[in-house]
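**Q** Here is what each chain is made of, one letter per residue.
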Amino acid sequence: MTKRLRDLASVLRSKNSGPFEVTMDVVFKSEAALILVRDSRMLSPESVSAAYGISPWQVKGPYF
Amino acid sequence: MTAAEGSATSAADRHVRILSFVTHAPRPRNVDELIERALSLGVDVIAAQGTSNDYGAYWLGSGEQTDTRRSLKENIRPYMKAAVSRDIPFVLSVGLAGADIHLDEALCRVDELCEEEGWALRLGILSGEISTEFLLEACDSGVPITAAHEHPSLSPLLTVEDINDTIRAVALVGPEPIIEVLRNQVNGVITGRALDIGLHMAIPMMMGIPRHVAAHAGKIIECGAAAAEGGSAHAPIWAELDDDGFVVRSLDPVAPVTVRSVTAQAMYERSDPWLEVNPGGTLDLTQSSYIELERGVVRCEGARWIEAPYSVLVEGAKAAGHRSICIMGIRDSAVIENLDLLLEKMDAHLNTAPQLEGLTRGSDFELGVRVYGRDAVLGTYEPSPAIDGHEICLIIDTVAATRELAQQVCLIAYGRIQSGDFPGRLTTAGNVSLPFMPIVHPVGPVYRYSIFHILPLEDYGAPFRTWISDFPRSEGG
Chain A
1 MTKRLRDLAS
11 VLRSKNSGPF
21 EVTMDVVFKS
31 EAALILVRDS
41 RMLSPESVSA
51 AYGISPWQVK
61 GPYF
Chain B
1 MTAAEGSATS
11 AADRHVRILS
21 FVTHAPRPRN
31 VDELIERALS
41 LGVDVIAAQG
51 TSNDYGAYWL
61 GSGEQTDTRR
71 SLKENIRPYM
81 KAAVSRDIPF
91 VLSVGLAGAD
101 IHLDEALCRV
111 DELCEEEGWA
121 LRLGILSGEI
131 STEFLLEACD
141 SGVPITAAHE
151 HPSLSPLLTV
161 EDINDTIRAV
171 ALVGPEPIIE
181 VLRNQVNGVI
191 TGRALDIGLH
201 MAIPMMMGIP
211 RHVAAHAGKI
221 IECGAAAAEG
231 GSAHAPIWAE
241 LDDDGFVVRS
251 LDPVAPVTVR
261 SVTAQAMYER
271 SDPWLEVNPG
281 GTLDLTQSSY
291 IELERGVVRC
301 EGARWIEAPY
311 SVLVEGAKAA
321 GHRSICIMGI
331 RDSAVIENLD
341 LLLEKMDAHL
351 NTAPQLEGLT
361 RGSDFELGVR
371 VYGRDAVLGT
381 YEPSPAIDGH
391 EICLIIDTVA
401 ATRELAQQVC
411 LIAYGRIQSG
421 DFPGRLTTAG
431 NVSLPFMPIV
441 HPVGPVYRYS
451 IFHILPLEDY
461 GAPFRTWISD
471 FPRSEGG
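Taken in sequence, the protein lines are chains A and B.
One point on numbering: in the working numbering, the residue at position 27 of the first sequence is 27, and numbering is uninterrupted.
One point on numbering: in the working numbering, the residue at position 406 of the second sequence is 406, and numbering is uninterrupted.
Worth double-checking, as some hints may not be accurate.
Straight-line distance between alpha carbons at most 25 Å, and here's what the computed SDA-like set of lysine to any residue pairs gives [unchecked claim]:
id, chain 1, residue 1, chain 2, residue 2
1, A, Lys15, B, Glu36
2, A, Lys15, A, Ile54
3, A, Lys15, B, Thr66
4, A, Lys60, A, Met1
5, A, Lys60, B, Leu378
6, A, Lys15, B, Pro152
7, A, Lys60, B, Ala401
8, A, Lys3, B, His234
9, B, Lys81, B, Asp54
10, A, Lys60, B, Asp54
11, A, Lys15, A, Leu43
12, A, Lys15, B, His234
13, A, Lys15, B, Glu229
14, A, Lys29, B, Gly281
15, B, Lys81, B, Asp44
16, B, Lys81, B, Glu36
17, B, Lys73, B, Leu378
18, A, Lys15, B, Ser232
19, A, Lys15, A, Met1
20, B, Lys318, A, Gly18
21, A, Lys3, B, Pro383
In case anyone wonders, no lab produced these hints; they're calculated from the structure.
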């Protein structure tokens with residue numbers, strides 16, 4: 001079953017971190033949701049860079 | 001600065017209560033009520049940030065700031081009133097980009113404020129500007145000044161050319177130079193560009209609060225009530241620090257501080273949520289904890305500080321020409337379907353237009369097109385660059401060495417989209433609508449970062465001017 005990140009999060013946002021970086025922050029609704037996403041490994045430099053059409057080295061995270 | 005000195009209290013009794021706000025955020029209507037609530041809880045320090053690089057290099061290069069003359073004064077007036085009436089020391093940064101030109105403007109507003117309120121204040125002033133001579137000397141003596149980010153627009157190692165291109169530069173002054181100024185029997189300190197958390201750390205550190213607690217608290221409260229539910233940096237927030245941690249308390253019952261709001265603030269604008277590199281060390285939050293003690297009150301603990309050689313982030317701006325834009329709306333489905341073709345024809349025309357003979361796109365002028373409704377927000381990062389609405393907004397953006405050339409290029413590009421032909425075209429009277437006159441809008445000068453580098457410092461105060469002044473300063477002072 002597909003779950004959307006926005007349905008698992010209580011905070012989901014992007015913000016500049018200085019002029020040259022963008023951070024995307026997620027506060028999950030529950031520890032179970034965090035573990036689900038973390039262990040799925042769907043958020044990785046590879047998947048994020050593929051989604052945005054950039055190189056994996058341009059993605060610093062994720063940090064759980 | 002009598003309030004912060006001679007703190008011979010034992011660790012168990014040591015508590016420092018901070019009222020924090022943001023000097024460039026317009027104050028909320030109920031600000032007096034919120035301050036009154038903080039005063040009833042007790043306030044030992046008022047701290048506020050008013051500098052930022054969020055809006056890019058423009059402000060540093062141009063010398064402008066977002067605040068009108070009136071707003072800075074009105075934003076800080078209620079807090080200054082509280083500080084003066086109760087002899088509470090304060091540390092404020094002002095001026096957005098925070099160079100001397102911004103600081104001087106803000107200090108004139110402080111003069112006016114003192115005159116209007118009948119205050120006589122002795123203030124320590126700390127400039128955040130760093131001279132190009134200082135940077136050149138550092139460069140000359142072989143100090144490695146490395147780019148804070150790997151980015152094609154930044155030299156990996158700062159060069160003499162980068163410095164010579166720089167109009168003005170500032171650094172994010174840490175808490176140490178602020179503490180030096182505070183030792184001069186002043187009512188408070190006003191700084192230009194400074195590290196936001198450093199403003200909040202200075203007085204607690206003087207009063208004996210450990211650096212890791214002061215830094216952690218600074219990080220959470222540096223944007224005022226952004227750390228509370230509702231996330232408004234316009235309203236103030238309150239925290240009480242001790243040797244082991246701190247509590248954050250909302251001053252507004254409708255915007256409580258929660259574990260959610262505080263943890264979100266802990267990673268706000270940070271490239272790493274756990275490790276934050278600061279002058280003289282790294283704030284380590286890997287073991288941090290956040291516990292809701294009662295509704296609207298959260299206890300934060302567990303920060304650590306990892307010592308490192310002292311360094312500051314330096315920001316410098318250089319001129320990069322002039323910008324003009326043209327804003328167009330398109331609502332004809334046939335034009336939208338043929339948009340790529342129209343843009344290709346426009347691109348081709350720019351290479352052959354007789355008015356632009358001898359000029360090369362990319363070196364003599366830059367031209368970009370933003371298609372709102374397709375991919376304007378993310379640009380090339382957009383995962384699904386398709387138009388699925390019935391209307392779009394097109395912005396042509398030109399930058400050239402002179403305003404005249406930027407205007408001319410933008411107008412030529414506009415013309416090709418406005419009257420460009422495509423198969424099946426019925427819109428022979430024009431392809432676009434123009435919401436605003438004049439057709440092409442001169443936006444003004446453009447500035448880019450020439451410096452966004454880390455400068456190692458043996459003496460943390462060396463690059464920064466400090467002085468003491470009695471406010472209001474006499475005419476001509």
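**Q** Next step is simple, just say for each hint if it's right about the structure.
**A** Evaluation of the provided hints:
1. Restraint check for Lys15/A and Glu36/B: not satisfied, since their Cα atoms lie roughly 32 Å apart, outside the 25 Å limit.
2. About 18 Å separates the Cα atoms of Lys15/A and Ile54/A, which keeps this hinted pair within 25 Å; it holds.
3. Taking the CA atoms of Lys15/A and Thr66/B, the gap is near 20 Å; set against the 25 Å cutoff, the hint holds.
4. Note on Lys60/A and Met1/A: the hinted pairing is violated, with a Cα-Cα distance of about 29 Å set against a maximum of 25 Å.
5. Straight-line distance between C-alpha atoms of Lys60/A and Leu378/B comes to about 18 Å, which keeps the hinted pair within the 25 Å bound.
6. Proximity of Lys15/A to Pro152/B is assessed by CA-CA distance (about 21 Å); at most 25 Å being required, the pair is judged to hold.
7. Under the criterion of a C-alpha separation no larger than 25 Å, the hint pairing Lys60/A with Ala401/B is inconsistent with the structure, at around 35 Å.
8. For the proposed pair Lys3/A and His234/B, the alpha carbon gap of about 35 Å is over 25 Å, so the pair is violated.
9. Annotation: proposed proximity of Lys81/B to Asp54/B is violated, straight-line Cα distance about 29 Å (limit 25 Å).
10. Restraint check: the Cα-Cα separation between Lys60/A and Asp54/B comes to about 20 Å, which is no more than 25 Å; the hinted pair holds.
11. In summary, the hint linking Lys15/A to Leu43/A is supported, as the alpha carbons are separated by about 18 Å, within the 25 Å threshold.
12. Simply put, Lys15/A and His234/B have alpha-carbon atoms about 18 Å apart, close enough for the 25 Å limit, and the pair holds.
13. As the CA atoms of Lys15/A and Glu229/B are separated by approximately 17 Å, the hinted pair is consistent with the 25 Å bound.
14. Among the hinted pairs, Lys29/A with Gly281/B is inconsistent with the structure: their alpha-carbon atoms are about 33 Å apart, more than 25 Å.
15. Restraint check for Lys81/B and Asp44/B: the C-alpha separation of about 14 Å stays at or below 25 Å, so the hint holds.
16. Taking the CA atoms of Lys81/B and Glu36/B, the gap is near 11 Å; set against the 25 Å cutoff, the hint holds.
17. At most 25 Å may separate the alpha-carbon atoms for a hinted pair to count; Lys73/B and Leu378/B exceed this at roughly 37 Å.
18. For the proposed pair Lys15/A and Ser232/B, the alpha carbon gap of about 15 Å is at most 25 Å, so the pair holds.
19. With a C-alpha separation of about 30 Å, the suggested pairing of Lys15/A with Met1/A is violated against the 25 Å cut-off.
20. Restraint check: the Cα-Cα separation between Lys318/B and Gly18/A comes to about 17 Å, which is no more than 25 Å; the hinted pair holds.
21. The suggested pairing of Lys3/A with Pro383/B holds, with an alpha-carbon distance near 19 Å, which does not exceed 25 Å.
Hint compliance for this structure: hints 1, 4, 7, 8, 9, 14, 17, 19 are not met, and every other hint is.
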